[in-house]
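**Student:** Sequence:
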Amino acid sequence: MKRFLSVLGFISLLIPHVSAFRDVANHSKIYPAVQSAIERGILEDGTFFRPEDYVPAQMFWEVVLRDTGFDPESATFGTPLPPNISEDDPLAQFLREGIRRGFINAEESFDKERFLSRIEAIEILVETKGIREPRANSKAFLRRVSGVPPRAPDYLRFVEAAYASKILENEDINPLNPKALLKRKDLLTWLYRFHDHGEKKSTINPRTARPSLANLRERQRTIEEQTTPSSEEKNKPLIRIQPISTGELTEVRRSGEGLHIPNGKVFESVFQQIEQKYRFSDELTNEKKEAMIEAAITAMVEKMDDKYSSYIEPAKSQEFRAGLDGEFEGIGAYVEMINGKFTITAPIKGSPAEKAGVLAGDVVTHVNDESVANLSVNEIITLIKGREGTPVELQILRDEEVQHITVTRGKITIPSITLEWEKSIPIIGIHKFTQDTKTDFARILTQEVLPRRPRGIILDLRNNPGGFLSAAVEMGEFLLDKGDHIFSVNYKDRNQKYVSSRQGELFHQENIVILQNKGTASASEIFAAAAQDHNRAVVIGTQSLGKGTVQEIVNYGNGGILKLTVAKWLTPENRWIQAGEKHGVIPDIEVADPTPEQKEQEIDPQIDAAVRHVLSH
Numbered sequence: 001m002k003r004f005l006s007v008l009g010f011i012s013l014l015i016p017h018v019s020a021f022r023d024v025a026n027h028s029k030i031y032p033a034v035q036s037a038i039e040r041g042i043l044e045d046g047t048f049f050r051p052e053d054y055v056p057a058q059m060f061w062e063v064v065l066r067d068t069g070f071d072p073e074s075a076t077f078g079t080p081l082p083p084n085i086s087e088d089d090p091l092a093q094f095l096r097e098g099i100r101r102g103f104i105n106a107e108e109s110f111d112k113e114r115f116l117s118r119i120e121a122i123e124i125l126v127e128t129k130g131i132r133e134p135r136a137n138s139k140a141f142l143r144r145v146s147g148v149p150p151r152a153p154d155y156l157r158f159v160e161a162a163y164a165s166k167i168l169e170n171e172d173i174n175p176l177n178p179k180a181l182l183k184r185k186d187l188l189t190w191l192y193r194f195h196d197h198g199e200k201k202s203t204i205n206p207r208t209a210r211p212s213l214a215n216l217r218e219r220q221r222t223i224e225e226q227t228t229p230s231s232e233e234k235n236k237p238l239i240r241i242q243p244i245s246t247g248e249l250t251e252v253r254r255s256g257e258g259l260h261i262p263n264g265k266v267f268e269s270v271f272q273q274i275e276q277k278y279r280f281s282d283e284l285t286n287e288k289k290e291a292m293i294e295a296a297i298t299a300m301v302e303k304m305d306d307k308y309s310s311y312i313e314p315a316k317s318q319e320f321r322a323g324l325d326g327e328f329e330g331i332g333a334y335v336e337m338i339n340g341k342f343t344i345t346a347p348i349k350g351s352p353a354e355k356a357g358v359l360a361g362d363v364v365t366h367v368n369d370e371s372v373a374n375l376s377v378n379e380i381i382t383l384i385k386g387r388e389g390t391p392v393e394l395q396i397l398r399d400e401e402v403q404h405i406t407v408t409r410g411k412i413t414i415p416s417i418t419l420e421w422e423k424s425i426p427i428i429g430i431h432k433f434t435q436d437t438k439t440d441f442a443r444i445l446t447q448e449v450l451p452r453r454p455r456g457i458i459l460d461l462r463n464n465p466g467g468f469l470s471a472a473v474e475m476g477e478f479l480l481d482k483g484d485h486i487f488s489v490n491y492k493d494r495n496q497k498y499v500s501s502r503q504g505e506l507f508h509q510e511n512i513v514i515l516q517n518k519g520t521a522s523a524s525e526i527f528a529a530a531a532q533d534h535n536r537a538v539v540i541g542t543q544s545l546g547k548g549t550v551q552e553i554v555n556y557g558n559g560g561i562l563k564l565t566v567a568k569w570l571t572p573e574n575r576w577i578q579a580g581e582k583h584g585v586i587p588d589i590e591v592a593d594p595t596p597e598q599k600e601q602e603i604d605p606q607i608d609a610a611v612r613h614v615l616s617h
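Numbered per my numbering, the sequence shown spans residues 1 to 617.
FYI, nobody ran anything at the bench for these hints, they're computed from the structure. It is possible that part of the hints are untrue.
[Stated by the list, open to error] Derived CB-CB ranges, DEER-like:
id, residue 1, residue 2, range
1, Asp440, Asn555, 40 to 46 Å
2, Glu73, Glu393, 50 to 56 Å
3, Glu171, Lys385, 38 to 44 Å
4, Val566, Glu388, 38 to 44 Å
5, Glu302, Arg502, 26 to 32 Å
All C-beta atoms in this analysis are idealised placements derived from N, C-alpha and C, irrespective of residue type, glycine included.
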């Protein structure tokens, strides 16, 4: 079976579309720039562009060098790579080109995740476009720019060259915001302006121009001056530990100055004391030291007490990736490690697990009388897997009570959408939110359901563990009108609101019922909550899981993975379903889940209640 973790993450550049990104409307100011980048092969179209996000170095160099006409497939020169970049890294050829042109230092590790400043980006764009910076800033330009020190800093010459060449406009320099980080919308807008109507001018007063480019040292010195920390920041403890000689781990940095955290010096001192004084330090191999650091990172993330945030060590990261998109046989259940416990997030509809009575939220403690307390996800799955027709006994913890369930293994199929009929009422099962869910749902809806003019429609989201953020948006649009609020994402420093881009096929459909239970989670809760807040459906069943946060997956060069909660999502009425005792989406009509005895007799009280509701309205 396929195992999908019930985490709502960022989906970026995953699903190709003919049109631009969903969060870049046709009337948006940046729409021409994004479309131009797609048409010129600089950017792949996708689901969400996230124009307000900052630009990491990895994205910057690929976009900027592609814009110059650089083709990584035809690059064969033997320029060396930074020490932490492997030959098979997709970014390798771009970094070679950046090194060859003098923008990147081949002797230093390259930090893919570092965000670039606006000034740094402007200087590089000016040089990649072959624009000459002026010898000194013209008075005319100095009268127009604002938000800079009284004495014009050196970087201002590059800014004037970019302004004169139509890369920048008045809105970019008034104020300039020299220390601000570069956003995606700004990068593509600047490239588009130059491509569309730019000119290679150094200044708005050509008499002050000189034909030279700033060398690498000059540019690096300017950037370092911009990011120099204050005296207060300098006094904060820093971690500067590099115990691994393999080159896999690099010093943790932020703006080139290290990681500022409480007790940083204590952490550093403890490690140094161990290396210098520990009696058996000769037994501490590089691998052992690496494991010590990994354990410290893992413990640090665990101490946040956020059950959806975790650090996956390199040795276990392959298991995590396999869990995201791998295939394996088993009993038919979605699973995830939550708070270190092997948890059933939802049994798959029609699977052996569901038929045997396994429920969402069950914690597996033993498999065939063997404790799984110290085993990894992959090891537990290996115990559960087996030949079709053979039994496996699970000891589970359900509401603090121990239960024993025997499941007969079988072949698992996981449909995205299913259709059944009960008394001429269509019951559309939405079992997961994938990149194909919208297409499958639209096909069933337009070809099989709507032509029969049903009295109502039942949408079954029970045991749907969620999936792609984009699919939640696309599915929400089927029920809503153009401009209707689907949900909002509340980040630490900004909010993102998602609205319907069209009037949905079911907007005028009366009598819609949504079925849910404890296994309804994440993206499926977004869908149910939007329908409930807009009074587009009646929710029947039991309380949903209540997962109201968004996780981001960060991959590190050492093979480790950080799964971090970066935002919470809110319903159209600004509800956070993870808060309070009544967490989750609360049903309008509460109907208990089928008992094991009812399942054996193929009795489903929730379906029966939904059908009665449709027929009586």
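**Student:** Indicate, hint by hint, whether the structure satisfies it.
**Tutor:** Tested hints:
1. Asp440 x Asn555: 40 to 46 Å: 30 Å, violated
2. Glu73 x Glu393: 50 to 56 Å: 54 Å, holds
3. Glu171 x Lys385: 38 to 44 Å: 58 Å, violated
4. Val566 x Glu388: 38 to 44 Å: 41 Å, holds
5. Glu302 x Arg502: 26 to 32 Å: 43 Å, violated
Violated hints, in rising order: 1, 3, 5; the structure is consistent with all others.
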